[in-house]
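**Student:** Let the hints inform the model, and build the full structure from the sequences given.
Number of protein chains: 2
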Amino acid sequence: MGVNEERSTDEVAIRAMLERWARAVRARDYPAILAGHAPELRMFDVPPPIESKGLDEYRRTWDLFFSTSKDPVVFDFDDMEITASADVAFVTARMHCEPTEAGKRARLDFRLTVGLRKDPGGWVITHEHHSIPAT
Amino acid sequence: MGVNEERSTDEVAIRAMLERWARAVRARDYPAILAGHAPELRMFDVPPPIESKGLDEYRRTWDLFFSTSKDPVVFDFDDMEITASADVAFVTARMHCEPTEAGKRARLDFRLTVGLRKDPGGWVITHEHHSIPAT
Numbered sequence: 002m003g004v005n006e007e008r009s010t011d012e013v014a015i016r017a018m019l020e021r022w023a024r025a026v027r028a029r030d031y032p033a034i035l036a037g038h039a040p041e042l043r044m045f046d047v048p049p050p051i052e053s054k055g056l057d058e059y060r061r062t063w064d065l066f067f068s069t070s071k072d073p074v075v076f077d078f079d080d081m082e083i084t085a086s087a088d089v090a091f092v093t094a095r096m097h098c099e100p101t102e103a104g105k106r107a108r109l110d111f112r113l114t115v116g117l118r119k120d121p122g123g124w125v126i127t128h129e130h131h132s133i134p135a136t
Numbered sequence: 002m003g004v005n006e007e008r009s010t011d012e013v014a015i016r017a018m019l020e021r022w023a024r025a026v027r028a029r030d031y032p033a034i035l036a037g038h039a040p041e042l043r044m045f046d047v048p049p050p051i052e053s054k055g056l057d058e059y060r061r062t063w064d065l066f067f068s069t070s071k072d073p074v075v076f077d078f079d080d081m082e083i084t085a086s087a088d089v090a091f092v093t094a095r096m097h098c099e100p101t102e103a104g105k106r107a108r109l110d111f112r113l114t115v116g117l118r119k120d121p122g123g124w125v126i127t128h129e130h131h132s133i134p135a136t
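Heads up: the protein sequence lines correspond to chains A and B, in order.
The first sequence stops at residue 136 when you use the working numbering, and every number in between is there.
The second sequence stops at residue 136 when you use the working numbering, and every number in between is there.
No lab work stands behind these hints: they were computed from the structure.
Treat the hints with caution; some may be incorrect.
It does not matter which identical chain is meant; a pair holds if it fits inside one copy or across any two.
Derived DMTMM-like pairs (lysine to aspartate or glutamate); straight-line CA-CA distance at most 20 Å [what the hints assert, rightly or not]:
hint, residue 1, residue 2
1, K119, E12
2, K119, E82
3, K71, D110
4, K105, E12
5, K54, D80
6, K119, E41
7, K119, D80
8, K119, E20
9, K105, E41
10, K71, D30
11, K105, D79
12, K119, D11
13, K119, D30
14, K54, E82
15, K54, D110
16, K105, D80
17, K119, D88
18, K71, E99
19, K54, D79
20, K71, D88
21, K105, E58
22, K54, E41
23, K54, D88
**Tutor:** Pasting the structure below:
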């Protein structure tokens, strides 16, 4: 397989992985949400804290998210750009969710950057950065 | 050179590049700020807009930053973690600056993720994501 085809295979794998992850969020399925993440994950989330490290802290960011999300949970990609080599990749995306505040459900557009490395078992996520512009 | 030594060389090059970039920001030196950036740069910045594309829009994010920054400009790394392959890399960091609002200068801690690819001429930045937690 040539370099371009390999790269394209990696991009397909990463896109499928992130789409599975978003689907797991919509299903409130914690094991599937965490399935592709490295133990040393570094997370920069929309709400405080300023940083979360490791899977226990990462899981807590989803507790917070789900506490403000009514069913059906919305967590959808609007676009996704993947830059991948054979063993390091990053992804930039625009996404939206629909948190409920004071009884009112409203669309929230946000930005996502994901960092990945390839282990012998496949791609793992080592970094997520979710944010909205500061007001 | 072995793979580990090559990787380490790339990490050293990327760290030096980002430190030059931060120094250029502190000097309000636009050509040096933009020197390492790809034409297709995708920028997610602290203030709106939600996204900036390309070097003209990237330059405008610095106009806004400098309009709220008095000399000496503060723009410093608190830590930096680099994940690099031979031709794709990403960097996560905590930084701080000192914007002046209503005549008052105050420290602002923020998160930074940078995405890079290696061109024949060396590493170029194709993505920056700066943010603070939403309040």
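**Student:** Take the hints in turn and mark each one as holding or not.
**Tutor:** Each hint tested on the structure:
no., hint, result
1, K119 x E12, "both (12 Å within a copy, 18 Å between copies)"
2, K119 x E82, "both (18 Å within a copy, 17 Å between copies)"
3, K71 x D110, "within (17 Å within a copy, 32 Å between copies)"
4, K105 x E12, "neither (37 Å within a copy, 47 Å between copies)"
5, K54 x D80, "between (27 Å within a copy, 14 Å between copies)"
6, K119 x E41, "within (14 Å within a copy, 25 Å between copies)"
7, K119 x D80, "neither (23 Å within a copy, 24 Å between copies)"
8, K119 x E20, "within (18 Å within a copy, 27 Å between copies)"
9, K105 x E41, "neither (36 Å within a copy, 38 Å between copies)"
10, K71 x D30, "within (14 Å within a copy, 48 Å between copies)"
11, K105 x D79, "neither (22 Å within a copy, 38 Å between copies)"
12, K119 x D11, "both (9 Å within a copy, 18 Å between copies)"
13, K119 x D30, "neither (24 Å within a copy, 37 Å between copies)"
14, K54 x E82, "between (25 Å within a copy, 13 Å between copies)"
15, K54 x D110, "between (24 Å within a copy, 17 Å between copies)"
16, K105 x D80, "neither (26 Å within a copy, 39 Å between copies)"
17, K119 x D88, "both (5 Å within a copy, 14 Å between copies)"
18, K71 x E99, "within (8 Å within a copy, 38 Å between copies)"
19, K54 x D79, "between (27 Å within a copy, 16 Å between copies)"
20, K71 x D88, "neither (37 Å within a copy, 42 Å between copies)"
21, K105 x E58, "neither (28 Å within a copy, 34 Å between copies)"
22, K54 x E41, "within (7 Å within a copy, 31 Å between copies)"
23, K54 x D88, "neither (22 Å within a copy, 26 Å between copies)"
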